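Student: Here is what each chain is made of, one letter per residue.
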Amino acid sequence: MTALADFLAMGGYARFVWPAYGAAALVLSWMLVDSVVAYRRRQRELELLERQRAPR
Amino acid sequence: MIHRFANPARFMRLSAALLPWCAVLGALLIAAGLVFGLVLAPADYQQGDAVRIMYVHVPAAWMASFVYAVMAAASAVGLIWRHPLADIAARAAAPLGAGFTAICLITGSLWGEPMWGTWWVWDARLTSVLVLFFLYLGYIALVNAFDEPTRGARAGAILALVGIVNLPIIKFSVDWWNTLHQPASVFRLGGPTIAASMLWPLLAMALGFTVFFVTLLMVRMRTALIAAKVRALRQVASEAEARPAPRTPRGSLGSVRQ
Amino acid sequence: MSPFRRLVARDLRLALRQGGDAATVIAFFVLTVILFPFGVGPEPLLLQRIAAGIVWVTALLAALLSLDRLFLADYEDGSLEALALMGLPLEAQVAAKCLAHWLVTGLPLTVMAPVLALLLHLRAESYPALVLGMALGTPSLSLIGAVGAALTLGARRGGVLLSLLVLPLYIPVLIFGVAACEAAGAGFAARPHLLLLAALLVLALALAPFAAAAGLRQALE
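Protein chains in written order, with our numbering: chain U, 131 to 186; chain B, 151 to 408; chain R, 1483 to 1703.
Extracted from the complex, chain U is given alone in its bound form (with noise of 0.2 Å):
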């Protein structure tokens, strides 16, 4: 448990090297879900434009 403990304090850092790590989870997700999310509208959208022509 004191290999754990030891790991998460960093030397002494901790509360610098986690929020640097966080942070940079935190930009890295946002720029992943912004991307996934704006393509699944518009591929939504895009679906449901087609299926109201296609009946023509």
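Just so you know, these hints were derived from the structure itself, not from any lab.
Be a bit skeptical, because a hint or two may be false.
Derived lysine to any residue pairs resembling SDA-like cross-links, with alpha carbons at most 25 Å apart [stated by the list, open to error]:
1) B:321 to B:335
2) B:379 to U:166
3) B:321 to U:158
Every value quoted in this text rests on a predicted model; they were computed, and no experiment measured them.
Here the structure of chain U is known, so what remains is to put chains B and R in place on it, guided by the hints.
Tutor: Just chains B and R now, with coordinates in the frame of chain U:
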């Protein structure tokens, strides 16, 4: 070669094939980089475990400049050859570049406080990266400020090319000025001065970030192409509604000719 | 008169007839600088330490004021298209407009700067560096600003967008302008910083007309 990929339909097919592989590769590289950087790599004899911030800060910094170079190159291609995908690529890259720059600035600040004793310093390297961040934001604001998308894309392209002077300033700022920021230890003439045990996680993260960027760039470009299709379809639909369908059946027209 | 000088003369006439511009810029400059002693306190030593910075930053903001109108009037009434078809290449026309803009904003700012620096207790040794620095820096501001003005023609919220685009590009001019004053004030040579300002001006002269002309062309398409 460029014109082989000019066809949007071809790009859609190519990106659909590549996406899953890139996504998996990017995830694996970043995971490997995290394991090696956070757990396996040694602590620095001077900086202790705080050096582990390097494994997110440095790759993010490389990406900040790299993505801008991609954006500027795409802008140039769009302006000179009017390549249809170039403007889309530049526009898609910008928010990603801004994100990497933000990571660089935030993690850099968190690294600076324990190491230099300050959250921020107005030295050449930090200032020029901050300017880069504002260039990204300015580009995004500019391309979205016009009702007509092509106007925005062209204006943004010129801005991206004007801002390219910032990249050599960022790169060489630590050589040209007295800066608090440490000089280059990887991309330098004599070769890297960093220990191999630290270099490998760094390269893994850098590669992982690059693949991550390429993946999301493809996703955003696909989104833009689909959006263009949606706009075109909506345009056709509204025009069809505006024009009433002709009522006379074909037969009577034929009889008129006789 | 060569077409270039005719264009400069035309823009000068328009600017002076509008009357507003030079006077507004000077008024903004003076009033904003005066705000600082009220804001940070009138203590001479404090003001002396930040005098160069205040004068330069305020000059930058004042130069921004009239930039969005650089091409706007001509763009809106259609004369920009006519000018584009004239014999003079668009890049030269941009340079002519920048010169007119500088004569009406940058030059008055350069003249007023030492007067305002007096109010801020700027060190005596810094004055030549201040005036020379502004003389070298303000034309760059007009040139860089012209690029921003050309790119934001017809954009929504063009004025604010122009500031957002142009201010990051102004930062090097600001850095070296203030550095020249501070170096002179501390007894060091201001020459390296002034030379860098001159280099920035040369760079701006070489690049800005092309970038701005490209921006104008795609605005006219």
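Student: For a C-alpha distance cap of 25 Å, please report whether residue 379 of chain B and residue 166 of chain U respect it.
Tutor: Holds: residue 379 of chain B and residue 166 of chain U sit about 18 Å apart, inside 25 Å.
Student: Need the status of pair residue 321 of chain B, residue 335 of chain B: alpha-carbon distance at most 25 Å?
Tutor: Answer holds: residue 321 of chain B to residue 335 of chain B is near 12 Å, not above 25 Å.
Student: Between residue 321 of chain B and residue 158 of chain U, does the CA-CA distance stay at or below 25 Å?
Tutor: holds, 24 Å
Hint compliance for this structure: no hint is broken.
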